[in-house]
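**Q** Make the full structure from the sequences, and use the hints.
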Amino acid sequence: MNSQPGTPMSGWDEVPTWPDPPAGGSYHELTDNGLGALIGWLSGAGRLVRSPDRLPHMTIEECTGPAGDTRTVRPRSPEDQQVIDDGVNDYLRDAGIPDRPTGYRWFLRLPDGYSGEQVESAVIRAVGQLPADHVRPAQFAPRIREVLEDVYAGR
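Mapping the sequence shown onto numbering that gives the first Met the number 0, position 17 (from 1) lands on 16, and the numbers just tick up by one.
If you're looking for bench data, these hints aren't it; they were derived computationally from the structure.
One thing to keep in mind: the hints can contain errors.
Claimed, not checked - Estimated spans, in silico, between C-beta atoms of each pair:
#1 D84 / G153: 33 to 39 Å
#2 Q80 / Q117: 28 to 34 Å
#3 P21 / P55: 16 to 22 Å
#4 R92 / G153: 28 to 34 Å
#5 T58 / R124: 26 to 32 Å
#6 E78 / T30: 17 to 23 Å
Remember, it's a predicted structure, so these values are computed and weren't measured experimentally.
Each residue gets a CB set at the ideal place from its N, CA and C atoms; glycine is no exception.
**A** As structure tokens, then:
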């Protein structure tokens with residue numbers, strides 16, 4: 000069992016950088032949004048790795064109007080990526096967590112018996128059970144930490 004507690008981080012630079020993404024099923028790529036970044040940070044440096052993001056990202060725009068539906072697919076622009084990165088970092092800052100470095104993909108080492116989807120579902124379910132006024136990352140980050148500790152302890 001991976002019951003060893005996650006090592007609290009003082010900065011994202013503590014996360015090991017691998018030249019390539021982890022292979023096999025022991026790691027899960029975290030969603031590139033605020034919640035994914037929060038899960039990574041709260042899991043601790045010992046449960047997280049990163050690799051340079053070399054994927055071709057696309058932006059899809061779909062519009063519905065009187066003339067019908069349109070769909071445009073184009074490469075993600077630096078401006079698009081900046082909007083994503085700013086949103087992630089705003090989310091983290093609200094929880095008192097430093098900005099996440101850009102240009103990486105982030106991977107969580109999975110606890111025994113869990114898929115990445117199961118870890119994320121446990122977190123989302125726990126956040127959904129908090130009082131309705133707990134809408135900010137600073138308010139639900141402590142509950143996410145508890146859930147992750149339980150998941151890694153096999154509870």
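**Q** Hint by hint, note whether the structure agrees.
**A** Verification of the supplied hints:
Against the hinted window of 33 to 39 Å, the Cβ-Cβ separation of D84 and G153 comes to about 35 Å, which satisfies the hint. Separated by about 29 Å at the C-beta atoms, Q80 and Q117 satisfy the suggested range of 28 to 34 Å. At about 20 Å, the beta-carbon gap between P21 and P55 stays in the expected band of 16 to 22 Å. The supplied range of 28 to 34 Å is met by R92 and G153, whose beta-carbon atoms lie about 32 Å from each other.
A hinted range of 26 to 32 Å holds for the C-beta pair T58 and R124, which are about 31 Å apart. At about 21 Å, the beta-carbon gap between E78 and T30 stays in the expected band of 17 to 23 Å.
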